[in-house]
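Chemist: Residue strings, one per chain:
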Amino acid sequence: MSGEITHTGIIKKLSEKGIIVGIINESACASCHAQGSCTAADMKDKEVEIHHFEGNYSVGQQVTVIGKTSQGFKALLWGYLMPFILLLTVLIITTSLNISEGIGGLLALAILVPYYFILFLFRNRMKKTFEFEIKPLQ
Amino acid sequence: MEYILIIISAVFVHNIVLSQFLGICPFLGVSKRISTAVGMTGAVTFVLVLATIVTYLIQKNILDPFNIGYLQTISFILVIASLVQLVEIILKKVSPSLYQALGVFLPLITTNCAILGVAILTIQKDFNLMESVVFAIANALGFGLALVLFAGLREHLELIEIPKGLKGTPIALIVAGILAMAFMGFSGLV
Amino acid sequence: MNQMNNFTKGFFKENPIFVLLLGMCPTLGVTSSAINGLGMGLATTFVLVMANIVVSMVKNIIPEKVRIPSFIVIIAAFVTVVELLMQAYLPALFKSLGLFIPLIVVNCIVLGRAEAFASKNDVLSSAVDGASMGLGFSLALTMLGTIREFLGSGMMFGIKIFPEDYGMLLFVLAPGAFIALGYLIALINRIRKV
Amino acid sequence: MTIVYTIVSLSAIGTLAAVILYFVAQKFKVYEDPRIDDVEKALPGANCGGCGFAGCRAFAESCVKASDLSDLFCPVGGNDCMTGVADILGMEAVVQTPKVAVVRCNGGCDQRPKTNQFDGASSCAVAASLYSGETGCQYGCLSHGDCVTACDFDAIHMNPETGLPEVIDDKCVACGACVDACPKNLIELRKKAPKDRKIYVSCRNEDKGGVAKKSCSVACIGCSKCFKVCPFDAITMANNLAYIDADKCKLCRKCVVECPTNAIVELNFPPRKPKTDLPPKPAAKTVEKAAAPKESATDSQTENNETK
Amino acid sequence: MVLTLFAVTLISATVLGFVHSLTKDAIEASKLKAQNEAIKSILPEFDSLGESWKAAPTEGGDSLTFFPAYDASKNLVGVAVKTYSKNGFSGLIELMVGFKPDGEISGYQVLEHKETPGLGSKAQAWFSNETKPKQNIIGKNPETTDMHVSKDGGQVDAITASTITSRAFLEAVRRAYDTYKNNLPAAEEEPAVSSEPESEGGES
Amino acid sequence: MSKLLTISPSPHVHTSESVNKIMYRVILALVPALVWSVFMFGLDAVRVTLLAVVACMGFEYLIQRFMMKEEPKITDGSAALTGILLAFNVPASIPSWIIIIGALVAVGVGKLSFGGLGNNPFNPALVGRVFLLISFPVQMTSWPVGIHAQTDAVTTATPLAILKEGVKAGQPIADLMHKLPSSIDLLYGNIAGSMGEISAALLILGFAYMLWKQVITWHIPVFVLGTIFMFQGGLFLLNPYKFIEPVFHLLTGGAMLGAIYMATDMVTSPMTHKGQFVYALGIGVITVLIRNFGAYPEGISFAILIMNGFTPLINVYLKPKRFGGKN
Amino acid sequence: MLKTFKIGGVHPAENKFSADKAIEKLALPKSVFIPVAQHIGAPAQALVKKGDQVKVGQIIAQAGGFVSANIHSSVSGTVKKVDLATDASGYPKQGIFIDVEGDEWEDTIITDDKLIEKFDTDSKTIIDKINAAGIVGLGGATFPTHVKLMPPPGSKAEMLIINGVECEPYLTADHRLMLEKGQEILVGTRILMAALGVNKAYIGIENNKKDAIGRLKELTASESSIEIVPLKVKYPQGGEKQLIKAVTGREVPSGALPIAVGAVVSNVGTAFAVYEAVQKNKPLIERVVTVTGKSVSKPSNFMVRVGTPVNELIDAAGGLPEDTGKVISGGPMMGKAIASLDVPVTKGTSGILIMPDQDAKRKTSQNCIRCGRCVTVCPMGLEPFLLMTVSERQIWDRAESDCIMDCIECGSCSFTCPADRPLLDYIRLGKGKVGQIIRSRKK
Ligand SMILES: Cc1cc2nc3c(=O)[nH]c(=O)nc-3n(C[C@H](O)[C@H](O)[C@H](O)COP(=O)(O)O)c2cc1C
Ligand SMILES: Cc1cc2nc3c(=O)[nH]c(=O)nc-3n(C[C@H](O)[C@H](O)[C@H](O)COP(=O)(O)O)c2cc1C
Ligand SMILES: Cc1cc2nc3c(=O)[nH]c(=O)nc-3n(C[C@H](O)[C@H](O)[C@H](O)COP(=O)(O)O)c2cc1C
Ligand SMILES: Cc1cc2nc3c(=O)[nH]c(=O)nc-3n(C[C@H](O)[C@H](O)[C@H](O)CO)c2cc1C
Ligand code: SF4
Ligand code: SF4
Ligand code: SF4
Ligand code: SF4
Ligand code: FES
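Chains as they are written, first to last, in my numbering: chain R, 1 to 138; chain C, 1 to 190; chain U, 1 to 194; chain X, 1 to 308; chain P, 1 to 204; chain Z, 1 to 327; chain B, 1 to 443.
Don't read these hints as lab results, they were simulated from the structure.
Take the hints with a grain of salt, since some may be wrong.
What the hints assert, rightly or not - The calculated lysine-lysine pairs, modelled on DSBU-like cross-linking and capped at a C-alpha distance of 30 Å, are:
#  : chain 1 : residue 1 : chain 2 : residue 2
1  : B       : Lys55     : B       : Lys30
2  : X       : Lys65     : R       : Lys12
3  : X       : Lys99     : B       : Lys16
4  : R       : Lys127    : R       : Lys17
5  : B       : Lys280    : B       : Lys217
6  : B       : Lys50     : X       : Lys208
7  : C       : Lys164    : B       : Lys363
8  : C       : Lys93     : R       : Lys12
9  : B       : Lys25     : B       : Lys156
10 : B       : Lys442    : R       : Lys68
11 : Z       : Lys321    : B       : Lys156
12 : P       : Lys140    : P       : Lys33
13 : R       : Lys13     : X       : Lys41
14 : X       : Lys208    : B       : Lys363
15 : B       : Lys49     : B       : Lys93
16 : B       : Lys93     : B       : Lys55
17 : B       : Lys232    : B       : Lys16
18 : X       : Lys214    : B       : Lys30
19 : B       : Lys16     : B       : Lys217
20 : R       : Lys128    : C       : Lys92
21 : C       : Lys167    : R       : Lys127
22 : B       : Lys361    : Z       : Lys3
23 : X       : Lys248    : X       : Lys208
24 : Z       : Lys274    : R       : Lys68
25 : B       : Lys433    : C       : Lys167
26 : B       : Lys156    : R       : Lys135
27 : B       : Lys6      : B       : Lys217
28 : Z       : Lys213    : B       : Lys16
29 : X       : Lys214    : B       : Lys49
Just so we're clear, the structure is a prediction, and the values are computed from it rather than from any experiment.
Whole structure, please, built from the sequences with the hints as guidance.
Modeler: Structure, rendered in structure tokens:
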């Protein structure tokens, strides 16, 4: 599979820090008529900040946002898989230590707090990892 | 061993999508991209496990002791609806770039239906906490298996000429039906 | 007249299942017989109508911003009411609908969300809207239930049409649900086009 | 007692959950401009992409976000639709002249003898990538119907007799899909004139007169007669080929009479009064460019008068 | 804001509590009714039900519940036994089987099962079909009739294409009979009110 | 020049292979097994086969003509082949109306709903067969006794059913062995079963013919049968009391028919040999799992259908090795 | 085991009717049309105008850029006009019309047949001579040879491979050339080796030309630097990537040129042309063309002046058969069907193939049955059925990511498809489109 994922977006804001691109929704929900009445719909406005780019862009311009699939899996790892693994580990440990279910469960949930805190500390590193490219739409 | 049985049962024999009929909307609606389907499986696993733990704790520590089991539906849906969103908020606050990246790669679909369904099933099956978690994981995997298989099939369908009236959802349902039929072969395995 | 339009749209033009493709889980899950489909549909309709009425009644009291949470609470409450009532007075139906009764919540949140947004509607039109969506849903469920029951066991609403030996079991099982709905939607699409 | 538990626990869970939900609703303000829905409803819903966007909804979003509508136009809905959109958004609609696709090749089977026969994949694009075509005219229609396949609106059909595509004016929404599909660049979106009347040079042959004439009897031979006769300067000559500017053309039909090869086509005009010494050409065997002859019960009579 | 939300949940909670207390009895009653109807349908005419009691089967496992029925003159006319098998095609099958005092089966009712519709689900009708003596178990005594499917050397024909269900069904019947036989003398044991199993059952 | 020269893109030559030839060769390869089943089951076999073929072709014609409004293409032989394979997969005693429903499902649902030949992701004959198996379990599992058998019984059990019954009832394999037919019987087909699956030897003969004519390559059948052999062999070594020796599984049920004629359906199997290996591995493993642990005595139909579902994925991930490519 | 390439390949009927027909010189035509674009790259610029007198070998069009080649007059006579005319490409192209008068050669050209073995080994001198002589690859792609001989900085040629494979059915031009001009080809090979600065050359020849293999082996018996490599008969062995793989086992990476693995491939005809250019000062004005076909009465190999109309060749081979359905410039696998017999022979014309009616028409195509045969035979390891579908549906990014640009247009896929799908038709189209997209992206 091509190692890239592309989305069409519209430039929303330009600032010294970077360009903010709003991603036009392309999932199946985008063309669905019932979107307005569906909680499941993938219709949150997604925004991406772009820090490195070449050329000139203006607000309202349509661009292609390009990311690597591997980035996606990395994001998945940090966003969902790591906390999941942590949860599971704590649960396994508490169960094997014969700690009661209630406490074990609470502990498992509690582990997420430090996890997210650490994630918070690393947010600048993350920023570098999750860089996207943009290209003007031909 | 028990865990393995739970997993086989939930993934193959009583597949959440193909035989339990939960999470059909995202199954039908989401993504032709196989990598997205894989990604969604990861996200669903976490959310499902999280929700299962929380609802389990509520059931065992609040509803059961006070004998107010009938509040299951309302409390579960509230907890699930808020929990799912909470995860997103936290992610967004904690690491905006990570959140953005996820947004680019995954359709952030919260399948309340499947989550609520699994939470209730867990309670009905009278699992303990660990079994519940395994059950949740297995269901997420089952969901993922169906989703990935389907993404592949859909890619095949993309490239062929489906008769007019059957294009889109109908053919997707028929494919799901044949898949479900094939999966019936697993019946009796557990 | 307007209300009439409002009411009929759910049956055909904006049928939640055939056209909008919403709430597929119960559609597939409970339609092994016509009665089950109808029961589920009516339960959903009840919740939807009641919730819509209540929401639009309290719309001026509840601030816009907490509308969604309140809406969820209200719907969930009505679902629980239905659950309890069914358990008490329709135990058999309750048993066969099983898991899908609590799932009405999800479904109604989906079906009713437009209502939560369109705060402009008065009680009557909200109720009509709810009824329209709900009955459209019921119609679809009953249709599918009838087809599956007929093909699967040779019965319609529990009445034997042809001997059971000639039933195609598959249609009362999971795969049959998908396949029957697939062809039903195709058929409806075809009719709608003309 | 149960009722107390009920109230206490439910209120606790409920309030907590609701507060979270409330915050979520704040943070992720599902920032759906309700006008998007309205605009979308006003659009035809063909999801054809003729506007340049992924679908009608994407177009609606752009309309709502745009500061003015000058670059946005839905070819399917046309001006009426855009006025509706403008009303919803409280903006000026930019009225665009309606257009219609026109196929600029007139060389049917009878006018353009075959010099070879093509036996590859039935696709204009494939044929064009292989060679210049089945006839001597390298500019003419290849007749494999890529344009027909491209049209989402069933507005263009192959005439089996001439082997040329014909546009049904009433169905064509000027989305331009066929224009892009034609490897010979034969299709042009031209301004719609009253009653669907049109006059255009139905030829793209840039060969010198003799060569052109040899390969196709109705080719434009670049003789400039029409150019000279046009009172409105609507005709330009380039590369041995005349072109009529639809903006300048006043549909006076002088050029049509002048053209020695009948390369200029007039459509949907009332029949010419037969001028005494100019009998209409024998049966309209050459140009059969009809606007939906079968279906359009419009009053505009389909007439093809090639008069010398 | 929070207050409004609190109010909404409070009101909902109150309403729910109210509805619950209203329906609680009805739910109980309907459950009881279902049980009593089941008992009624499988035992000969009786006047009153005695205290139910529980007993574990000899081979271990969850205990069975016994409902003795008496006629006007307090003579035992039969005992309904709530029994089960976990070896159904889709797991648990729950039955209520009625025995006359001599051990003859007076009737049975399938309470709970997840067998395949159209296959295993035929059990209710199959084993009570009076016109097919080879598959009918009503009026037979497990003492004299081998309650195994004929394939396994028994005397009862299995449901067509559903041997598994049939085996499980007969296993439950045997379990009921064996436990019944072993526990009849202990009829005087402390009566315990049975708690209903959680009603569950998704379609599919 | 009076005659027009033909112009077409290169290449200008073509093999003499055609779809029709491929299909008719497969049909030819199936003829010995068909003859055997007529010998075993008499006119019933003829009735079922004819009916299935006629119904498949008829439905294909009607649907293409009147519903899809296109030129019917029943002469390409694929519908006939689907019919034969469907017939091969049912008991010879099946009522006629059931086989007609099966043909409708196979052709209508399994094939034409996807646009016809070449487009269907699932094997049409198996879609029809599994549909029937689930819908009419009674009729689909009542195996007629061969017309030459010296018994009064009308129906009998297939070796796999006997095995499954025995194992479910907890009997050790050794006790079951003498109830089961010998390997020789299995090989030439003196057993109960679906019409076309009984004679392993004749099916292999057809396989040899197809290999000779290069209709298929050896990969899928050999991998499928190999996997069954290895996996069952492993189980057998692990616990010979519970699991039977592997050759039995190769020769019984639809293993041969499935591996040689149905798993190889090119429309629904992966393109590359790598992919075919994974596909065949999946079929073998699932078959053994279902046969040993599932509710059904026979699992190859399900296994093939399930792996058909995986085929698009396999095709995406196991691309051919590109010339000059990295991997 | 004979060497060959590993993946894919087909074996169409060989039909080499003219294999034992010695090369004949074709009579001079009455007039010629010499297109100015006979090679890959920029067209040459015409140097003559109407009315000019030209001699054989006189330069009449100057290379129009680095990747371009000079064009020389193949006849002597008067320039009639410089104008458009349809050539084998099927489109009208610029070219020079010359009316033939006598046969007067440029003085510098040595016209006798005597073998000259000695040559100046200076690379630059050789390349300049080749460049001046307008030599392009005669194997079909007509890539200017002097460009090939100047590897881009950073890459170094290690070996020369002479392509004597001639894997196309029917064609025998290279075969005859190797038999009759073996010594010249070897000298040409040595010249090319000197130009490249390599000391190893392989000549790859398919095993259906045993006589040519024998002849060249005999001539190189004492020479270790030139090795004759017999190859298994398999189309498209002549494709340079396949040939390199077969001869050396090296695989040219996707998207790269042969030089990436240190190889330079030239056709035997090119080697002969190089010999003539360097040793005899004779520019590329004539070449061997096979005229053949099932119903051609005299299948032949002709030495033909560039610009000669095709119908003169056909006449010399016994005239156009009654049942002619298609005339192909080149071989049946890669050649181009031509619409008119007036098109001229150019530097790249290796054969004229006349196909009878019954072979000319394709069978109607059916749905793809996904049999995978096209995948199996594709020598580049592609999935033709997929590439065709995505091209037909214009999913260009998918086509690109599935390596459509690697296709060498060998036609094995279309040849083998049992459903008669026009695979290559669409793949070629897709290749063009994707190529455009890639180029526009680079800009
Ligand atoms: C989807 C499916 C559902 C089935 N349901 C049951 C069932 O509920 N009860 C049962 O005994 N067998 C059921 N079976 C059949 C068993 O798998 C098994 O074939 C049968 O019980 C034993 O065969 P016999 O009764 O024909 O000897 C089912 C099979 C399938 C495929
Ligand atoms: C832009 C370009 C640059 C090339 N440069 C070289 C080169 O440096 N060395 C070389 O051996 N061949 C070079 N080639 C020639 C190709 O490798 C190849 O020989 C030519 O495309 C014809 O190949 P064919 O006859 O196999 O189709 C180049 C080709 C192109 C298009
Ligand atoms: C499919 C295919 C087949 C080819 N067959 C031959 C062949 O048989 N003989 C040959 O000399 N060149 C053949 N070529 C051209 C070679 O790839 C290569 O361009 C040529 O040998 C380079 O030499 P040249 O530049 O001197 O022509 C073939 C190319 C392709 C793509
Ligand atoms: C080797 C081979 C095996 C085939 N196997 C089947 C089969 O199992 N079932 C079937 O319906 N058609 C089979 N066909 C026919 C055909 O491919 C099939 O009908 C297509 O799936 C229809 O699109 C087979 C064809 C070939 C060449
Ligand atoms: S005819 Fe051309 S411009 Fe008109 S609707 Fe069709 S594709 Fe669009
Ligand atoms: S107009 Fe263009 S696209 Fe249409 S058939 Fe003619 S050549 Fe093809
Ligand atoms: S050879 Fe033809 S039929 Fe076979 S896969 Fe390729 S395109 Fe399809
Ligand atoms: S033409 Fe291209 S795709 Fe086809 S076999 Fe040759 S290299 Fe492969
Ligand atoms: S109803 Fe949509 S996912 Fe269940």
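Chemist: Confirm or reject each hint.
Modeler: How the hints compare with the structure:
As the CA atoms of Lys55 (chain B) and Lys30 (chain B) are separated by approximately 15 Å, the hinted pair is consistent with the 30 Å bound. Annotation: proposed proximity of Lys65 (chain X) to Lys12 (chain R) holds, straight-line Cα distance about 10 Å (limit 30 Å). For a cut-off of 30 Å, the pair hint linking Lys99 (chain X) to Lys16 (chain B) is broken: about 59 Å separates their Cα positions. Our distance criterion of 30 Å between C-alpha atoms is met by Lys127 (chain R) and Lys17 (chain R), whose separation comes to about 12 Å.
Straight-line distance between C-alpha atoms of Lys280 (chain B) and Lys217 (chain B) comes to about 25 Å, which keeps the hinted pair within the 30 Å bound. At most 30 Å may separate the alpha-carbon atoms for a hinted pair to count; Lys50 (chain B) and Lys208 (chain X) meet this at roughly 19 Å. The straight-line distance between the Cα atoms of Lys164 (chain C) and Lys363 (chain B) is roughly 27 Å, inside the 30 Å bound, and the hint therefore holds. At most 30 Å may separate the alpha-carbon atoms for a hinted pair to count; Lys93 (chain C) and Lys12 (chain R) meet this at roughly 21 Å.
Restraint check: the Cα-Cα separation between Lys25 (chain B) and Lys156 (chain B) comes to about 39 Å, which exceeds 30 Å; the hinted pair is violated. At roughly 20 Å between alpha-carbon atoms, Lys442 (chain B) and Lys68 (chain R) fall within 30 Å of each other, so this suggested pair holds. With a C-alpha separation of about 28 Å, the suggested pair Lys321 (chain Z) and Lys156 (chain B) falls inside the 30 Å cut-off, and the hint holds. Among the hinted pairs, Lys140 (chain P) with Lys33 (chain P) is consistent with the structure: their alpha-carbon atoms are about 27 Å apart, no more than 30 Å.
Of the pairs offered as hints, the one joining Lys13 (chain R) and Lys41 (chain X) holds, with about 28 Å between alpha carbons and a cut-off of 30 Å not exceeded. The straight-line distance between the Cα atoms of Lys208 (chain X) and Lys363 (chain B) is roughly 39 Å, outside the 30 Å bound, and the hint therefore fails. For the given pair, Lys49 (chain B) sits about 16 Å from Lys93 (chain B) by alpha-carbon distance, which is consistent with the 30 Å threshold. Using a Cα cut-off of 30 Å, the hinted pair Lys93 (chain B) and Lys55 (chain B) holds, with the two alpha carbons roughly 23 Å apart.
As the CA atoms of Lys232 (chain B) and Lys16 (chain B) are separated by approximately 16 Å, the hinted pair is consistent with the 30 Å bound. Of the pairs offered as hints, the one joining Lys214 (chain X) and Lys30 (chain B) holds, with about 25 Å between alpha carbons and a cut-off of 30 Å not exceeded. Restraint check for Lys16 (chain B) and Lys217 (chain B): satisfied, since their Cα atoms lie roughly 22 Å apart, inside the 30 Å limit. With a C-alpha separation of about 16 Å, the suggested pairing of Lys128 (chain R) with Lys92 (chain C) holds against the 30 Å cut-off.
Only pairs whose Cα atoms come within 30 Å are accepted, and Lys167 (chain C) paired with Lys127 (chain R) is rejected, the gap being roughly 42 Å. Our distance criterion of 30 Å between C-alpha atoms is met by Lys361 (chain B) and Lys3 (chain Z), whose separation comes to about 14 Å. Proposed proximity of Lys248 (chain X) and Lys208 (chain X) is supported: the alpha carbons are some 26 Å apart, at most 30 Å. Taking the CA atoms of Lys274 (chain Z) and Lys68 (chain R), the gap is near 27 Å; set against the 30 Å cutoff, the hint holds.
Among the hinted pairs, Lys433 (chain B) with Lys167 (chain C) is consistent with the structure: their alpha-carbon atoms are about 28 Å apart, no more than 30 Å. A distance of roughly 37 Å separates the Cα atoms of Lys156 (chain B) and Lys135 (chain R); the hinted pair therefore is violated under the 30 Å criterion. Taken as a hint, the Lys6 (chain B) and Lys217 (chain B) pair is honoured in the structure, with Cα atoms around 25 Å apart against an allowance of 30 Å. Restraint check: the Cα-Cα separation between Lys213 (chain Z) and Lys16 (chain B) comes to about 26 Å, which is no more than 30 Å; the hinted pair holds.
Restraint check: the Cα-Cα separation between Lys214 (chain X) and Lys49 (chain B) comes to about 26 Å, which is no more than 30 Å; the hinted pair holds.
When held up to the earlier numbered hints, the structure conflicts with 3, 9, 14, 21 and 26 and fits the remainder.
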